[in-house]
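Visitor: Chains A and B, in that order, give the protein sequences. For reference, each letter of the first sequence is one residue, going 22 to 322 in our numbering. For reference, each letter of the second sequence is one residue, going 22 to 322 in our numbering.
Treat the hints as calculated values from the structure; they're not laboratory data. Any given hint could be a false lead.
The list makes no distinction among identical chains, and a pair is therefore deemed to hold if it is satisfied within one copy or across any two copies.
Unchecked claim - Keeping only pairs whose Cα atoms sit at most 30 Å apart, straight-line, the calculated DSS-like set for lysine-lysine is:
hint, residue 1, residue 2
1, K273, K56
2, K263, K56
3, K273, K263
Protein chains: 2
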Amino acid sequence: MNSRPPICPALNQWRSRVDAALESRLPPADAAPQKLHAAMRYAVLGGGKRVRPALCYATGMLLDVPLDWLDDAACAVEIIHAYSLVHDDLPAMDDDDLRRGRPTTHRAFDEATAILAGDALQCLAFELLSRPVAGEGPTPAQKMQQVRTLSRACGSWGMAGGQAMDLAASAGRIDEAHLETIHRKKTGALISAAVRLAADLALDEDVPAYQHLDRFAAAMGLVFQIRDDILDITADTATLGKRQGADLAHDKATYPVLLGLDGAQRRGLELHQRAMSELVSFGSAAEPLRTLADELLNRHC
Amino acid sequence: MNSRPPICPALNQWRSRVDAALESRLPPADAAPQKLHAAMRYAVLGGGKRVRPALCYATGMLLDVPLDWLDDAACAVEIIHAYSLVHDDLPAMDDDDLRRGRPTTHRAFDEATAILAGDALQCLAFELLSRPVAGEGPTPAQKMQQVRTLSRACGSWGMAGGQAMDLAASAGRIDEAHLETIHRKKTGALISAAVRLAADLALDEDVPAYQHLDRFAAAMGLVFQIRDDILDITADTATLGKRQGADLAHDKATYPVLLGLDGAQRRGLELHQRAMSELVSFGSAAEPLRTLADELLNRHC
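Let the sequences and hints guide you as you build the complete structure.
Guide: Structure follows, in structure tokens:
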């Protein structure tokens with residue numbers, strides 16, 4: 022089950038690139054402290070759909086950013102995602118035992134190591150964005166903007182804040198607007214960062230193209246989350262690689278709980294259409310991003 | 022006990038500056054998610070000697086860096102320190118109940134909130150270093166160097182790695198060289214970062230002055246840790262603001278355990294002298310840094 026790749030061609034085309042880039046950027050497992058390094062590698066290299074790197078590369082293609090300029094950012098956003106899963110799975114948080122078809126990091130190692138591995142991974146993401154460029158590459162100002170993009174997405178106004186709000190909320194007691202706020206922070210902020218990290222190397226924040234991409238990413242973040250919520254109910258544990266029905270077991274508010282399965286599917290479609298409308302002005306250059314967005318709407322894994 | 026400032030004039034002169042800067046940079050407690058923001062403020066604003074900001078400012082004075090160029094870095098390094106204490110105090114790590122004369126963050130709030138507050142604080146530190154400069158200020162290249170300095174200090178090769186090695190070690194089974202390696206990472210890396218963050222705004226990494234400051238900081242990191250180890254034995258809980266004898270209770274390897282109290286004191290003096298020798302070439306401009314170093318050697322709090 023571990024090595025089975027998801028059946029998602031648009032994602033898979035980026036998978037080997039980002040996996041190789043991650044492999045070379047993570048600390049070697051034989052360097053001290055070995056257990057910590059092994060846990061960091063376990064958390065990041067154990068499969069995963071690599072949605073955020075794919076969005077980063079596909080946005081870069083649209084904007085003619087050389088792909089090797091994007092490897093650090095693609096790794097950074099995936100490493101942040103991996104750290105957040107390690108911490109979210111901890112007993113004091115969601116208390117999950119299974120992730121990507123394997124024991125969660127605190128089960129495979131121990132809680133202290135999982136906490137520290139998450140901490141060190143967050144830090145590594147920023148280290149990657151700050152690496153000096155040899156030869157042609159992004160300017161220091163562009164790289165600063167990337168650090169700003171990623172740090173704002175991760176913190177209390179973004180991903181960490183969304184997880185805090187998610188823990189505080191329980192099913193039935195929140196409405197769709199509240200759920201959307203949680204998901205815009207918890208999942209959406211990092212999905213948006215994946216797109217922005219590429220845009221930061223080509224565009225100023227205040228030009229219309231940047232804002233189109235930003236609204237595309239915001240809509241797609243919700244599409245992704247809605248699909249996640251639906252799969253939690255309709256897919257099986259082996260396909261998911263995490264416990265099927267975990268959201269329901271945790272009494273979490275989800276789109277299907279609030280809107281029903283059909284309602285959630287309709288909402289996903291609407292948001293996907295909204296995302297597509299933001300790509301119109303880019304013409305055929307946006308084709309890789311469109312293909313990826315279609316796959317995220319319809320994915321079964 | 023909470024508000025009693027340490028009797029350390031060289032530290033205290035920077036205290037109100039960095040406390041005001043931190044206050045204005047932390048998320049307001051009334052903004053959602055309130056509990057998370059309250060925990061972040063609790064962790065950072067609840068006292069603390071502010072050793073790292075003081076080292077940053079004093080190094081900046083030596084190098085003629087305007088103090089207001091240093092506020093973000095001084096806050097960033099203190100915020101990293103605060104997050105590391107929150108996570109180190111967790112039940113799965115050192116399981117401490119008292120910190121800075123108050124309940125630790127997971128005791129005052131809950132474990133999930135403490136984990137997330139630490140996570141969001143780490144991220145905030147990098148956000149502060151990436152803030153756009155209005156008017157005169159550091160260049161993007163200098164700020165990138167600061168992000169690099171801080172991120173390398175925090176991760177698995179630095180602070181987080183040192184904590185992992187500290188958890189793995191137990192008293193009696195390690196020698197002084199191993200203990201020094203742990204402390205160079207766990208405490209020393211961030212102390213060095215405090216000095217480097219100021220040097221990054223004035224010097225290239227490869228000039229002798231940068232290297233003198235770096236070796237000064239490396240030696241002072243150990244001086245600071247040795248003094249900490251001694252105070253854990255000789256001071257009382259009220260003065261420390263954390264449980265007296267916690268190191269012994271945790272069966273931790275410390276300098277006094279390995280060298281005896283007198284031996285540890287002698288080692289601290291030797292390292293302090295080594296640190297002082299690195300400042301000779303700066304002449305009288307290094308006076309603030311010398312005063313601070315003397316205070317760190319002799320502090321009672």
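Visitor: All hints, please: hold or fail.
Guide: Hints, one by one, checked against the model:
Taking CA atoms no more than 30 Å apart as the test, K273 paired with K56 passes between copies only; the shortest distance there is 19 Å, against 33 Å inside one copy. Proximity of K263 and K56 under a CA criterion of 30 Å is satisfied in both settings, with 24 Å inside one chain copy and 29 Å between copies. Taking identical chains as interchangeable, the C-alpha atoms of K273 and K263 lie at most 30 Å apart only when both belong to the same chain, with a minimum of 16 Å there against 38 Å between chains.
Hint check: no violations occur; every hint is consistent with the structure.
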